[in-house]
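Residues 1 to 172, numbered by UniProt numbering, are exactly what the sequence shown covers, in order.
It is worth saying that the hints were derived from the structure and are not from the lab.
It cannot be assumed that every hint is accurate.
Here are the simulated DSS-like pairs of lysine-lysine, each with C-alpha atoms no more than 27 Å apart in a straight line [stated by the list, open to error]: (1) Lys129 - Lys75; (2) Lys75 - Lys111; (3) Lys73 - Lys63; (4) Lys65 - Lys75.
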Amino acid sequence: METPNSCDSSAPHQKGGLALQLQNLRINIDTPVDQLSCNDPPWPGHIYVIKYQDTSRVLTYDKGKGIVLAEYKGKSNQRWTCHSKEGWLGFANDPGETTLFMGHYDNQQGKLHCWVNHHLPAEMFCVRKRLEDGFQILGRIGENLHPVGLDKAGDAAVIRHSEAWWGFTMLA
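When you get a sec, could you build the whole thing from the sequences and use the hints?
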């Protein structure tokens with residue numbers, strides 16, 4: 001499946017009733033959407049694909065490596081459920097009893113991981129709409145916010161200075 005390398009705010013969402021979409025997502029049917037819109041604001045209770053800038057790479061949970069950027073295939077490990085706690089957003093993969101939250105850890109140079117099933121400060125994010133397409137994701141480190149971008153190794157991480165942006169496409 002070919003994924004366009006730009007965000008199209010006019011892209012249609014996946015067709016079908018919400019109940020059917022949620023059922024398909026919950027039973028892990030790997031069905032990609034035709035086009036990633038990238039301009040859907042994250043909202044608690046909804047499921048998203050999170051795309052890196054003008055690429056076809058998306059945040060993907062890999063049990064052995066943590067969170068990696070991989071080509072969009074519509075797989076269940078490329079879907080993120082948005083949560084809210086104390087006004088902060090959190091993103092979890094595989095909703096259910098084995099839910100793991102996206103987080104960042106200073107002892108790992110801020111790299112994004114999915115290690116814990118709780119939504120504490122290291123798993124709390126702020127998402128800001130950019131004037132252009134997409135959003136800036138900011139990770140909480142103490143009382144400060146720092147952007148999520150790519151580190152020198154090309155891994156998604158909370159880093160001190162980054163102009164990276166991310167596209168959110170709501171699936172359900």
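Hint-by-hint comparison with the structure:
1. Between Lys129 and Lys75, the direct Cα distance comes to roughly 26 Å. Compliance with the 27 Å bound is thereby established for this hinted pair.
2. A C-alpha spacing of about 22 Å is found between Lys75 and Lys111, which places the hinted pair at or below 27 Å, so the restraint holds.
3. With a C-alpha separation of about 17 Å, the suggested pair Lys73 and Lys63 falls inside the 27 Å cut-off, and the hint holds.
4. Note on Lys65 and Lys75: the hinted pairing holds, with a Cα-Cα distance of about 16 Å set against a maximum of 27 Å.
In summary, this structure violates none of the numbered hints.
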